[in-house]
Amino acid sequence: MENNTNPLLCDPVEGICGIPDNATSGKVATQNTEKPVKVIYFTDPICSSCWGIEPQLRKLKLEYGNSIEIEYRMGGLLPDWSYNSGGISKPSDVAHHWDEVSVYYDMPIDGDVWLEDPLQSSYPPSIAFKAAEMQSKEKAIQFLREIREMVFLQKKNIAKWENLEIAAKKIGLDIQQFTTDFNGKAKVLFEEDLHFAKQNGVRGFPTLFFIDATGQKETVYGSKPYALYESAILKLHSKTIKSEYHKNWEVLFSKYPSLTAKEFSELSGTPRAENEKHLNELVAKGKLKKLTTKNGSIWTVKNINH
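With the sequence shown counted from 1, adding 239 to any position gets you the numbering used here.
You may find that some hints are simply not true.
Claimed, not checked - Here are the simulated BS3-like pairs of lysine-lysine, each with C-alpha atoms no more than 25 angstroms apart in a straight line: (1) Lys456 <-> Lys494; (2) Lys424 <-> Lys399; (3) Lys298 <-> Lys424; (4) Lys274 <-> Lys376; (5) Lys426 <-> Lys463; (6) Lys533 <-> Lys501; (7) Lys424 <-> Lys463; (8) Lys300 <-> Lys481; (9) Lys474 <-> Lys463; (10) Lys529 <-> Lys516; (11) Lys486 <-> Lys300; (12) Lys408 <-> Lys437; (13) Lys528 <-> Lys378; (14) Lys329 <-> Lys394; (15) Lys298 <-> Lys474; (16) Lys394 <-> Lys486; (17) Lys486 <-> Lys456.
Don't read these hints as lab results, they were simulated from the structure.
Given the sequences, and given the hints that come with them, work out the whole structure.
Structural data, given as structure tokens:
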């Protein structure tokens, strides 16, 4: 990718949101992990291509969770608006682009956030993720999902502290601790992530490094079909046993309390066209709630007790 690529102008065909000037290539150190394969996932809370791989990533966790450990690294997609490149020089330029990639990934994204309450930077939500992670890795992943739903579907500006705090409360983080860490140590951890991405020549998101105990590495760059992520694991660890899981809606929603039609289709292995009807029937029966955006919907389990 050329260096003048605008980070927010993601290339849906490549499935990548690129960052300029990050071309140094380094070697990833062998990862100490209890599982056979370590996955280092370079992402950003506002990366539309990363939202695009949520279905694949969620399925990977269900089928290969016993063999892989995923480490999330924040990439720093939008430092601020002081650059002008790739045809995007102001927030409103992103709006139309997000609407287009939404269709491409078949994941609901409402670009109007960039017209109504545009983000000045993706650094605050990235730092917030690191703060959440200091409390709990599991909760940090829930937090990331929460703020992604906020920005992509609810048109909420997740660079604003009030929205980050709402998300943190919703998933049950200790707010005082979260605030302290956000203003302190989490910033340092985020800087380390940026440095680590640069060291390893990461030039766009999503980038996933699959690494085995000997340091052998497979890279999957961009939003790709599920089989590519799966084969990266199998190349490194051919003895990996795929876990079977129940594909009925109750089980899937118990694992992931909110699902888009694309995600439900990927996880249940059923045709996309039938799913929406099935999910809507569950809404009619009062089992699920549905949030509809101008570019698709998301279904959530009713009264989940966090």
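Verification of the hints:
no.	hint	result
1	Lys456 <-> Lys494	violated (29 angstroms)
2	Lys424 <-> Lys399	holds (19 angstroms)
3	Lys298 <-> Lys424	violated (32 angstroms)
4	Lys274 <-> Lys376	holds (16 angstroms)
5	Lys426 <-> Lys463	violated (31 angstroms)
6	Lys533 <-> Lys501	holds (16 angstroms)
7	Lys424 <-> Lys463	violated (34 angstroms)
8	Lys300 <-> Lys481	holds (10 angstroms)
9	Lys474 <-> Lys463	holds (17 angstroms)
10	Lys529 <-> Lys516	holds (12 angstroms)
11	Lys486 <-> Lys300	holds (14 angstroms)
12	Lys408 <-> Lys437	violated (32 angstroms)
13	Lys528 <-> Lys378	holds (22 angstroms)
14	Lys329 <-> Lys394	holds (17 angstroms)
15	Lys298 <-> Lys474	holds (18 angstroms)
16	Lys394 <-> Lys486	violated (31 angstroms)
17	Lys486 <-> Lys456	violated (31 angstroms)
Checked against the numbered hints given earlier, this structure breaks hints 1, 3, 5, 7, 12, 16, 17; the rest are met.
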